[in-house]
Structures are given as C-alpha cells and as structure tokens.
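Novice: What follows is each chain in one-letter form.
Protein chains: 4
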Amino acid sequence: MTLWGGRFEKKINPDAWQLNSSLEVDHRLAEEDVRGSLAWAKALRDAKVLDENDYKQISTGLLQIQKEFEEGSFEFLENDEDIHSAVERRLGQLIGSSAGKLHSGRSRNDQVATDFRLWAIRAIDQLVNLFRELQVVFVDRAESDFGVILPGYTHTQRAQPILLSHWWLAHFWAFQRDIERLQETLQRTSVLPLGSGAVAGTTFPIDRAELAKELGFEKVAPNSIDAVADRDFVAEVLFCVALAGVHLSRLSEAVILFSSTEFGFFTLDDTFSTGSSLMPQKKNPDLFELGRGKSGKLIGLLCGFMTTLKGLPSAYDKDLQEDKAALFNAYDTIRTLLPALKGALQTLHLNPERMSAALDDSLFATDLADYLVERGVPFRHAHELVGQAVRIAEKEGIHLSKVPFQQYRELDEHFEEDLYQVFNPWRSIERRNAFGGTAPEAVREQLRLARQICSLTE
Amino acid sequence: MTLWGGRFEKKINPDAWQLNSSLEVDHRLAEEDVRGSLAWAKALRDAKVLDENDYKQISTGLLQIQKEFEEGSFEFLENDEDIHSAVERRLGQLIGSSAGKLHSGRSRNDQVATDFRLWAIRAIDQLVNLFRELQVVFVDRAESDFGVILPGYTHTQRAQPILLSHWWLAHFWAFQRDIERLQETLQRTSVLPLGSGAVAGTTFPIDRAELAKELGFEKVAPNSIDAVADRDFVAEVLFCVALAGVHLSRLSEAVILFSSTEFGFFTLDDTFSTGSSLMPQKKNPDLFELGRGKSGKLIGLLCGFMTTLKGLPSAYDKDLQEDKAALFNAYDTIRTLLPALKGALQTLHLNPERMSAALDDSLFATDLADYLVERGVPFRHAHELVGQAVRIAEKEGIHLSKVPFQQYRELDEHFEEDLYQVFNPWRSIERRNAFGGTAPEAVREQLRLARQICSLTE
Amino acid sequence: MTLWGGRFEKKINPDAWQLNSSLEVDHRLAEEDVRGSLAWAKALRDAKVLDENDYKQISTGLLQIQKEFEEGSFEFLENDEDIHSAVERRLGQLIGSSAGKLHSGRSRNDQVATDFRLWAIRAIDQLVNLFRELQVVFVDRAESDFGVILPGYTHTQRAQPILLSHWWLAHFWAFQRDIERLQETLQRTSVLPLGSGAVAGTTFPIDRAELAKELGFEKVAPNSIDAVADRDFVAEVLFCVALAGVHLSRLSEAVILFSSTEFGFFTLDDTFSTGSSLMPQKKNPDLFELGRGKSGKLIGLLCGFMTTLKGLPSAYDKDLQEDKAALFNAYDTIRTLLPALKGALQTLHLNPERMSAALDDSLFATDLADYLVERGVPFRHAHELVGQAVRIAEKEGIHLSKVPFQQYRELDEHFEEDLYQVFNPWRSIERRNAFGGTAPEAVREQLRLARQICSLTE
Amino acid sequence: MTLWGGRFEKKINPDAWQLNSSLEVDHRLAEEDVRGSLAWAKALRDAKVLDENDYKQISTGLLQIQKEFEEGSFEFLENDEDIHSAVERRLGQLIGSSAGKLHSGRSRNDQVATDFRLWAIRAIDQLVNLFRELQVVFVDRAESDFGVILPGYTHTQRAQPILLSHWWLAHFWAFQRDIERLQETLQRTSVLPLGSGAVAGTTFPIDRAELAKELGFEKVAPNSIDAVADRDFVAEVLFCVALAGVHLSRLSEAVILFSSTEFGFFTLDDTFSTGSSLMPQKKNPDLFELGRGKSGKLIGLLCGFMTTLKGLPSAYDKDLQEDKAALFNAYDTIRTLLPALKGALQTLHLNPERMSAALDDSLFATDLADYLVERGVPFRHAHELVGQAVRIAEKEGIHLSKVPFQQYRELDEHFEEDLYQVFNPWRSIERRNAFGGTAPEAVREQLRLARQICSLTE
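Protein chains in written order, with our numbering: chain U, 1 to 458; chain C, 1 to 458; chain P, 1 to 458; chain R, 1 to 458.
The following block holds chain U by itself, in its conformation from the complex:
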C-alpha cells in the first residue's frame, strides 16, 4: 500500500518500487512508529480533531499492532512501502475507515523523524551502557593487576617504566570522553519533530509541549522546516561511535602487539582467540583484529552519511532516507564488538616476567639525566651527556648500568657512585608522582576518580 496514490494514473514500476521501498531497513522502527502514532492520536483527540470514539478505536488498534510486533505475529505484505504504511494498512484492516483519520495534520516527514529520534535515544542509552561496561573492565584490571610494571612506549619504542594499571586507565579516560560526547548528543536528539507536518507546520491546534512529554522528548523543535530536515543527531552519533571505534582500534592494536611472541606480555585465553585452518600452532588475536578493522567501517559510515547530507538543499529530501541504514549498521557493529572485546580483556593472561625482562637499562636514561639536573646540570646538557653514555654502552655492547663509573666520571664530574641507583623500575615509577603520573600513589588517586565516575553515572 502507498499513502499517496490519489493523483497518479499509473502504478509505480517494479524496479522503481524496489529502489523506493524502505521497509527492509525501517521495519526496525516498528515499535517507535506505534508509540509515535499512539501519542499523535491522543494529541488529535485533545485538539478535537478525533472524537472520543475514533480515538478509542485507533488506540485499541494500535495497541493490538504493538502486541503483534512484540509477539512477532505482525505480517508484512509485499506492497508495504515502509513501516509507516504497513502500520496504517494494518490499522485499517483492524478498525476500518477511522484508521484513515490518524494521519490528519501529520506527514511522513515529521513522523519518520520522530520515530527515528525515539530509536536513537534508546540506542544512545545502550551505547553508553556498553562503553560503561568496558570502562569497568579497565578499572577491574587496573585494580587486580596493580604492581605489575612494563615499559611505556612512544613511537613503538620503549620509553619509561609504567604501571600496567596506569596503562589500563589510559584507555578508561578515552572511553570516558566517548560517553560524555554521547550524553551531550542526547540533548540534540531528544527534540520532538512531530507537529511540523511536511515542512510548514501542522494546521491543527496540537499542543506540542504535551506531545513531547507524552513521548519523553526533552524539547520541541522550534522550526518546522528545520525539524523535518535536521539529521545532525545521526551525524553526531555516527561521529561518537566512529571516534570510539578509533579508541577500540588503538587499544586493539596495542593488545595485538603485546600478544605477539616478540612482546609476549599478554596471552589470550583460548575462549577468546582462534586458530588457523592451515597452521596448527597458531593462536590468533582475531577479535582484536576485528576491533581494529571494523573501526575503519565506522569512519566510512560517518563520512558517507555526511557526504549525503552535504549534497542537499535545505528542507526535506528523500536522500535523508539513507540515515537509518548508516546508524543501524554503526550501532550493530558496536553491539557485536563490545561484549566480545570485553570478555577478551577480562580473561587476558599476563606474563609479568616478560614485561619485567623488557625493562632494560635504556628506560632509565631520563632518570639518569634527571639525576644530573638535580645536581645542577642544565637539562639540555644532561640530556646530551646521557646520550653519550648511551652511545658508549651501545658501542661496547653493554648495558647502561654496566658502563664503569670511571667513564661516567669522564663524561661529567657531577656523576657520583650513587648514579647506579637510578636503574631501578620502582624508583623510577615512584618518582613520577605528580597528578596523572605513573607513581602508585598517583595511580591510586586516578583509580579512585575512575571508580567514582562509574558509580556516579550508573
């Protein structure tokens, strides 16, 4: 059934129908469409457009349809153009001609925008929960792995010793920003378009503030043209998800590296890794590779939808229909990724002895320079001197801590015998005690903040 046949002499061509029909995608809005229609019927009754009898019939019919969706017994017909047509068609079957009164003063333009915003509000909520659950994993690991030391890396080169807990929490904060962004997006999503008609507003005296309340929207769209054309909320959620995808990718990349034989810091649990069809020995970090790979798609979904949006004049155009496939795809991707990655992180096995072995002397070069700074050597000069020591060590193929005192002394007279005390990971870590540093005390403070955030918002 189409809702617009009146002025047309001929029926739509099958290829055109195939392209035009959106039911395959928008059937996911079934529940929201019924909710929106129930509220609209009520608003029409309050505006005296529907009498009590029509209203009762319509709402009873809609509740029946809602039940059919819940039970999975709703039957779509081949010529249902979209979810809105399907619902109105079914309503007609159930209650007869008063079904035709429901669409008074409403257009699919404001209807679909309303349905989709209702869906997005729930989706945002669920995304926030998923990321929150991931954050809890970081907090839990930071607690349970407290005391484990590994090299911190920059440029994929060993830099300075850090606490593994500090590393877990680094990821906590990235997802915290994702959650904040999603939550802020909510206020621009929770805006009621219904009552905007096709573009110019509705002709019936609808109380839109009441309608918004009924449907749980926080605000009412202040301009009907903008209300039917605005898909910023879709772009925003896509962006939030794509940036969260970037964080998942960076995390995944790190886990993949740390799980390689060469690093050997992590061992994936059997239940969260896969093998090779050819090579019997392989244990592959497939889940993290998918976490890394799928975030490319998330960026593509954002970019593709913004490109579609950009190509429009103001007001409603059919191109906007692309909004749903994009957002559903992004949402489903996160819904599949997060539980698997969460489990994989929770069950990750540590090899602290490998991490410990990776703390070679070069990681204390900054500490050695700081040693000189504390004895009055300008940092830039200290950096130069330690650089020379590194060179000596490399040339002679020995560790920095094995360069004889004599040679240190030749480099600079500020070196004393106690210089060798710097080659100690705990000492190095404990000295980085300013807020945000890797010292145990600072990390405990961080952990306290993180725990607070999780419980505050839950």
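It is possible that part of the hints are untrue.
With a Cα cut of at most 20 Å, we get these calculated EDC-like pairs of lysine to aspartate or glutamate [what the hints assert, rightly or not]:
1) P:Lys42 x P:Asp332
2) P:Lys42 x P:Glu214
3) P:Lys219 x U:Glu184
4) U:Lys342 x C:Asp15
5) R:Lys42 x R:Glu31
6) C:Lys342 x C:Asp145
7) C:Lys342 x C:Glu143
8) U:Lys395 x R:Asp270
9) U:Lys48 x P:Glu374
10) R:Lys324 x P:Asp332
Simulated from the structure, these hints should not be mistaken for laboratory data. As the structure is a prediction and not an experimental result, all values here were calculated from the model.
For this one, chain U is given, so just place chains C, P and R on it according to the hints.
Specialist: Just chains C, P and R now, with coordinates in the frame of chain U:
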C-alpha cells in the same frame, strides 16, 4: 565446526563466536568456494597429493554441494564459522574422512582471496553491463530528442543554448570512463592467489598456471605474501563504483532541477515517481533523490575500507574480512539503482516549450561579443561592451534584443543593424561546430562515436 | 638545531630532515609555545627545580622572544626542526646555558599537546563568534523580510506556502547546534597535558593544578599516557566544523537555486557576485558555490585525520603530528568563508513578486484535504479525493481553484462553495500556528527565542 | 584585474574577493597557462581569428612572460584574481590592446581544465618515477639480503619461515599495481578540453585535433559540457596516490614493528632516525611513522574531493576550483615522503641473528602436518594431531622439537623418527617452491620478473 580447534583446550566464548563468525556475509561466496575447491582438488590430484579415488570422492561430493546451493537445499548449521567451514563440514558428511584431504597445502588465506576474486570478476562484468545499458538510454534519448534546444547552464545560471542531445551525451562520456576503469581493474582482479598457502607458498608441487587456467584467471600472483594480503582490487572496484555514483548523483541533481516546477523542462512519468503522504498534489523525484543520496554511501564505503586497509602491517590480518560486506553493499546499491534510474530516464516526458521559453536574450551575449570580434574588436573589449549593453537592458527592464540600435551604436561603432540576427538559438548552436561542440553536425558525429562504442564492446 | 642529538653518531639526511621538520606548519604555535614555556618555568621555580635567578633569566628571555614574535622580528634558522626547537635555540642565544634548564621534566610530547590545545581553545572561541555573527544575519533578515511569502519546498518540489522569515530561521537553528557542539568540545579541549612528560609523568614535584590555572585550562589531564596521545579534541573540532560546513552547503545550495533565473527569488548584489570571462551577461553565485564546494574538503579533513588516528597503537606516535595541518586548514576555511557569505546574505535582494507568483494553487492541496477533514472526512480519504481533483485539473490544464464546483461536488458531497477560500496563502500560513509552524505569530515567538539566544551568549 | 567586470555597477567586496581569488593556489599553473595560451594563439591564427601581426605580438609577449616565470621575475599584483587573469593582465602591459584578442572563443572553464590537465600529466609521470625508484630499492635489497631468513607473520603472529628477499618483493608488487593504475589514468587525463568554450563549444573554426597535438594531448574531449565539468582525472590520481599511501602505511607499520626492541630485526641508520627531546636513549622511526600517518591525509583528500564533486549538478560549477589544492597537496606529500623513505630503506641495518632466533619450533607445525599428509593422513586430521602436539609442548613448557618421540607416536602411528627433520628453516623454505612461494628458486624467478619490469618501463 571450526577448522582449527586442535591446539585449544577450551571452546570459544559465544560473544567471541558471534563477532568472529562471518557466515552471514560470506555465504554469498558459496558457489565460488565450491568452484575453487573443485579446481584445488584437481590440482592436488595432478600433484599426486590426492590419489584418483580420493579425488573422485571429493569432486563428486563437491558437485553434490554445488547442486544443493543451486537448489537452495544446502543447510547451514549454527556452528558453521564461515562458508569454507560449512562446505568442508558438509563434504565430510557426504564422503567421510577423505574430505579432510581437500585442505592439504591450502589455507583459508589463499582460499578466501580466490573465492572473492572469482566473485569480483563476475561482479565487474555485471557492473559494466549495467552501465552499458544506461549508456544506451543516453544514446537513444539523444537520437529521439534531436532538435530540442535548451539553455546550457554553468554555475546553475543560464549560459548558452545547447541541444538536449548534447546534454544527454555529456552523461554518456562520464559513464564511458567508469566502464573503462572497471575494465582495467579486471586485469588486477583476475590474478590467482590459490597456491600461496597461508603466507609462504604451498609445499606441494602445484602447477599454479594450470590452476589459473582451470579457474579462468588471467595471471598467477607472483608473491605469496602479497597474494594473501592484497585487497587492491576491492578498493579499485569500490572507487570505480563511487565515482560512477558521483556521476549518477550529478545526473540526478540535474534531473531533479529540470523536473522542478520552476524549470519545468522534464516531467517524470507516473510509473517512476512518488507522491506525498500528506500533500495530495506532490509528484516527487524520489528515485533521483535516492540516486543522489546513495552515492554518498558509496564514497563512505570506499573511504571506510581504505581506512581499514591502511591500518594494517603487511601480510594477512583478520581485518581484511571487512572487504566483503563493503563490496557486496556497493554492488547491491548499483544493482538496485540502475534499473530504476534507467527506466525513469527512458520514460521522462519533455516540455520543449518550457525549454524554449528559457532561451532568453542574455544567452546570446557571447554571440554578440563574437559579432564584435569578427568585426575586429579585441575580445576583451567586446566583452566589456556587451557587459555594458546587458547593464542598460537590465536597468531599463528590457531584453537585450530590444535595446535600440542607437544605444548599441553609442557603445561602439562596430555595431551594425544586423546585430539583431545573433538573437537566434539555431544560429547560436550551429556556429559551435568544432569537434565536441553543440552544433547539430558535431553532435551527430558524437552520436556516431557513442553508438560505435556501445556496439563495439557489447 | 635538534633537541635530541646526543646518542647519534651521524647527522640526519637532508631528505629525512625535509620530511621530519614541521616548522612550516607549527610556527603558528609560536605565541602558545612561549606562553606554555613561561608557565612551565614558573612551575619549575615553584617546584624548586629552577632557582630564582635562572627563572628570571628564562622568563626575561621568553618575554623578549614573545616580543620578537609580535613584532615579526623573530628569525627562524634553516635548521630549526620545529617551533619548540626554534624557541629554545633562541633562548640559548639570548641567555646562554641556563636556557638548557627550561626543558627539565618536560617532553615535546606534553609540550606540543599543550601548545596546540591553547591554540584550539582560542580557535573554538573565534569559530563560535563567526557562527554567531552569521546567526545575527538570519535574525536580522527574518525581521526585515517579515511578511514575504514563498513556497516551502520538499524534494525540490513546491509543497506549502511559508514565510521567508521562517525559512531564514530554519538556518538559524542549524548553526545554533553547531555552536552548542563547539562549546561542549571546549570542556574536553581545556585539559592540561603539561606535566605528563613523555608518557609516564614528570619526575619533579610540579603543581599541575596551579599550572592549569596559570594557563587558563579548566582541568588537568588525569593520565599521562592518555594526555600525550589524546587528539580527540582535534577530531571533535574537525567534526563540528565539517557539520557546520554541511549546513553552509545546504544553505548555499538553496541560495544558488533561489538565485537562478528560473526561481528568481533572490538577486545577488554586485558586490558579492562575479561574472564570466567569456559570457558578458553572467552573474554567478561563486561565493555560495565555494561555500558548497569547500564543505567537501572539510569532511575530507575530518575523515583523513580520523583515519590517521585510527592507525595507531595507544600512546604517542609521530603520526599525531598530522593534527595541526588538518585543524589549521579547517579553521582557515571557515575564517575565509564566513565573512564573505555573511555579507552576501546581508546584501541579497528579494524579488517578492516572483515568490508570490510561485504560489500556485497546488500548494493549497493539503489545505483542501484539511478542509474535508474538518467536515468529517477521514484524512486518508480526503487525501485521495484531493489527489483526484489534482488529476482533473492537470488533465484539463487548469488550476485547482478553477475546477468547477460541480466537479468537486461529484468527487465528494462534503465540498461546499466555500472550498475556494482555501486558495489563499495568508489563510494557509496563519493556520499553521502550532509552536514551530510558519504562522506569523509562531514565527514571532521563534524570532524572540532566537534573539534571546544571540544576546544571551554574546 | 578581473576578466568579467563589464556588467557590474559596483566593485566586489573585499571579503568576497578574499574568498573568490584563487591565485594563492593556482599560481602553480603559471607555466601551463602560458603553454596553453601559446597554443591557443596559434590555433586562433590558423582559424584566421588572429592575423599574423597580432599573433606575433601575442606569442612574443607570452614567451616573455614564460621567461619571467622561469626567472622568478614575474610580479603578481594584489588584484590579480587568478593565474589566468595575471597572465592576461601582464600580456596587456607588454603588448597593449591586442592582448585582448587572446581570449576569443575561449573561456576560463576550458582554459583552466586544460592547464590543470597539462600539470597532471607531468605530475603522473613524476609520481611513476618516484614509485619506480622505490621499487628499485626493493629489488636491490632483495638481492643483497638474499639468504636471510625470518618468520613470515599473519595476524602479527609468527606463521612460517620466509626469505627476507621474498618479503621485500611483496612490497615491490604492491607498488607495481600503483604504477599501473597511474599509467592507465594517463589516458583519461591526456584529453584536450580547450575549444569547449564555457559549455557549448567554441564559435571559431578551431582545429582541435591540431591543438591537441601542439599541446601533447592524446585525445580531444568529445563533448564540451563534459569537457568543462569532468574532474574524474583528479579523483583518479587522488585514488592512485591514496592507495599507494595505504601501501606505504602497511610497509611503514611493518618496519616500525621490525625496528622495535622486541622484534629487533631492523636497526634504523642514524641518518634516517630521530631522537627524543626528553629521553636520551630514544631512536625513533619518525619517518616511517610519518609515512604511516600521512597516508590518512591522502585518503581524506580523496574522500573530500569526491564529496565536493558529488554535490554538483552536471556542467561547470565554481566548486570545481577545489580540485587544485587537493591534488597539489597529495602530490607534494608523496614528493616529500618518497625520497626520505627510500633512503631509510636503503640504509636499514639487518640483525639476521635476531631473525634467526625468532624461528621457533612452532613455525614448523605446518611442515609437521604436511609430513603426516605425505604419509597418508588426511590433512584435517593431521592438523588436529599437530595441534595436540603443540598443546603438549605448551603444557610442558618445551619446544615442539623436544617433545619425545614416544609422545608423538602415541598421538599417531604415522610419526617416524625422521619427523624431527622438519624443524629446519631451510628445509621448510625450500619446499615452498611453487611459483610465488618463498623457496630460493621461486624467489629468484620473482626477482628476475621484477628486474625486467623495472628496466622495461624505465
């Protein structure tokens, strides 16, 4: 069934399975997977890895599976990890333990690359056909609409008169480039990965040239590492399709404009347009809006997949699995768009009187400048003089052809009474007779070339 | 000068230098680098790492450098690697070896992140101002153009009459969302990285809260690893700007259409339009075409930078250096676009009679259906009946208001003679009086809200 | 100077000028603009539009301008709108009013398209050379490093032993595809637009075939509308470069990994690496990180430009002006990256003992399974058996080659004492001797092909 369980003590977690399983997407490679396996079995026999008996059993089993796919009777099981596992599992059910010999010397890495290339080769062929059919529409319209004149636009402003046939053919050439690109892509797609193993090559004495011939590949991949990691062909096809999408979008945008009440050049046929659920008078160019809108997605698919590719080290990583969903999506989009747009263009009604009415005098301003140039006035000065005439006409609210001769003469003495002859669309068009111009003769020549291309390559 | 030569035996190769040097881009951070260093020097003094004398020398030197930047007298040398090296090099020239004490406990990793955030905070502020100024143009035009009616469009087809003021305000709200997003981004930008060292935190007892206050940051980054690796704020600003670009593009597209001869609603002022080098009559909306075109680039900048970010493991990698060119480019684009578009909109000439002439009878079809609804006809049936009337009018080539009463009556008995009153734009507009509708009263309310927003935040 | 002032009463506003002027970007087309104009002058003379005298003046003037560009003495004026205006303005200064005759029958629309295609043809050539030089590095390294063995990786996990030469050549083939694509693009770039006028063709009897020959174009654009609107060649080159960027990124990522302390396969030469401003020991692979990072931008440039293109109707629109900044940016990026990466690869130091040490027993698991296959065990079962052996080895913390024969025999009776011979890298490599495999003979064949390609095309 997984193909790699041996070294694992515990079973994979359900969330991990959900993320890792790719059957939902890659079941579309069913036919190719069987074809590839049939050829591989033959190659193994030729290499004496399979004896004649095993080979017969395996090939009979595979043919049976092929039949099941064709008839739609193949049953997937919940724990089939991907299409390759499903086929090997079924083969085992059909022929027992010799099924386990098929995967000798092969890895899913080279197997999936082979399957997907086989699929892509066919897809490219079908895409070329679809675009070719669209070109034929342009040629047909250019012929049937010959003689109709409308303004050519630049900056969405009327510029100079053109033949509508010239306008149709402008689109012909854009899609010609798309076809050429797709055809060139073929040579980099039609390269056999099979026999590359997981990464280092196969250990059995496989004749890969023969294998390529058997499967219809033009070349054999010369490096096993590259062979399992190379997805350039996917990016290339995505690019070709995205750029074709840009052409569809530009065409659609033009049709949408020309079908507006304000332009009024085109009227969409009822069978290829849709109405409004609220506004009874509306006749909307939905199909062209979808043509325009969906090309945004195509750019997103390209960009997303390249982003995924970019995030990898060399050699095979699981992220590559994202290749299929992207290409399938792009392919399906074109497959749905093209037939509908083709039909809509074929049935488009013209309003030649509206086009004709749009040929106002200002469109001949260049001709007027050329008039002066032919009489010895340097073009830059002629341009300036005609600009002043335009200003006079605008100020007095009259057409350029109604500015009295006296005033022209005051502007420059090279104006003669015959200047008014320039205000003639046919004269204007006929003068643009250099190759590629809009003069009827030049357009006929163009049409001849276009027709040649269509039949040459068909 | 490099800041890291100590351990290297040989000098860097010229091609490598060429690629590695970032001064060409990051010299724009000169002012921020000095500000950051001044604050760092103070923090080092407070932490007793610098004595009072060193501090005085360093801060005097830095102030001198600041002056040189302001006066444009600072001389960069060919072997300055980046802005940080240039400043430290110059400081050494000015004050000698104590300059070498400034970098104690600091890394370029936290330094550049701090400089760039300082820059971004200012940039966000300026972007908000630019968009606010554009909003004021919409408010002003909505006021001065009050009473002008034109068709509202959907699908680029005439839909229903609207007030031009309503149309202007539709754009107001889009940019309001852009401003809100930018402002929210600020809280994630105004976070101090300094004191995070290279990755593990600083070894000196720096009071980072005090340091944040000194530099005007609202928060202190809680994790040193995240602090040096986080470029979310760059992606966020790029997203905000790209989505604002989408709004500029949609607005521009609409202005281009409305300025075409066919629509003829707007005439661009000579001072904000351009001509053709060949066609003397042309008056082109180049500025709006650039507004439309450049928003493509803005999406590309977002997508490109997110792609770069996605390709990293956690912690600092040199790839992050790409952040600056991207954000500078996006910022400069808006800085060039906005003033020109603002002026072009302010000086736009209206052709109300063309708008009025475009209000053909078909625009009242919804009103005619509503007429029936008010007389008890279910909307869906009313829609069908009016659709038939449209068909009759089209067939007979007459306006909907010219279809004889007899024929209306044959369609449905609810039609009365007063039906012809619906063909009145003011009546149509006034009836859309629910909040957000196009009725004068509703638009005045909207305008009040808009004005409030502009002054509230200014 | 503008070339279009005639019809305008007022001068353009400064903000509008700022946005509209493109000289800052398109001045790079100076040489091409003069070349194009020289050829156009000749064509006008041949068409009798210019007499011999005018032609001589114009060509002498243009040659003088060419010289000024070469010498760097050409002076741009503040009010030069673009490179075309600047050249025509200067020509007027040099030869007076006959300069005004040059633009006869030409538009900036076909002029700029011609200039830019001339530039792109040269750029493609230079890009091909740059990638060819990189290929030569791979060939050279493959030769000089012959015999070095390292693990081949899949999923960043050790898979099977390979020759380092094989790994180098894997990259050779990726760039070979890039070169092929660039070369194919040439045929769609080398198409002459000149003679298409603004949109409808030129009115003068220009011999466009001759003109194409004069300028070195292979074809003449067959449709004037398409000729001024077609920027496919820009998108194509951007795509080729972005995909080459993906290859650079994957290569860079691999080099970064292999240069980490944990892998330790490569050591960067001092002349192609950098240090840390804080950590004296650091030696960072900055160049490869930039190779990886900048390829994100390249994808963004492609995506951004395609988005701009997509947003247009057919024919010329000012948005197309964005083409140049995008392509220049992409081209410059490759020009800076390639020489540095080339040098870094040439000077890379190998640590064959680290590679050798990484060839642990697990890498021979496939060989062990093949061992069983050769003794008649179906591969799938052999895979399972070896998987169990791996599990045993892991559990007992011993190498696969140290699992006692007794235990192997318990697993399967096909194991014989000679099974231990499989734990030998050379044996493993030599067995992968099918075309494209890692066996020395196969790699030598590959090397021969690669060398052939380099010399054939050079």
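Novice: Each hint: holds or not?
Specialist: Okay, the hints, checked on the actual structure:
no. : hint                : result
1   : P:Lys42 x P:Asp332  : violated (33 Å)
2   : P:Lys42 x P:Glu214  : holds (9 Å)
3   : P:Lys219 x U:Glu184 : holds (18 Å)
4   : U:Lys342 x C:Asp15  : holds (9 Å)
5   : R:Lys42 x R:Glu31   : holds (17 Å)
6   : C:Lys342 x C:Asp145 : holds (16 Å)
7   : C:Lys342 x C:Glu143 : holds (16 Å)
8   : U:Lys395 x R:Asp270 : holds (14 Å)
9   : U:Lys48 x P:Glu374  : holds (10 Å)
10  : R:Lys324 x P:Asp332 : holds (17 Å)
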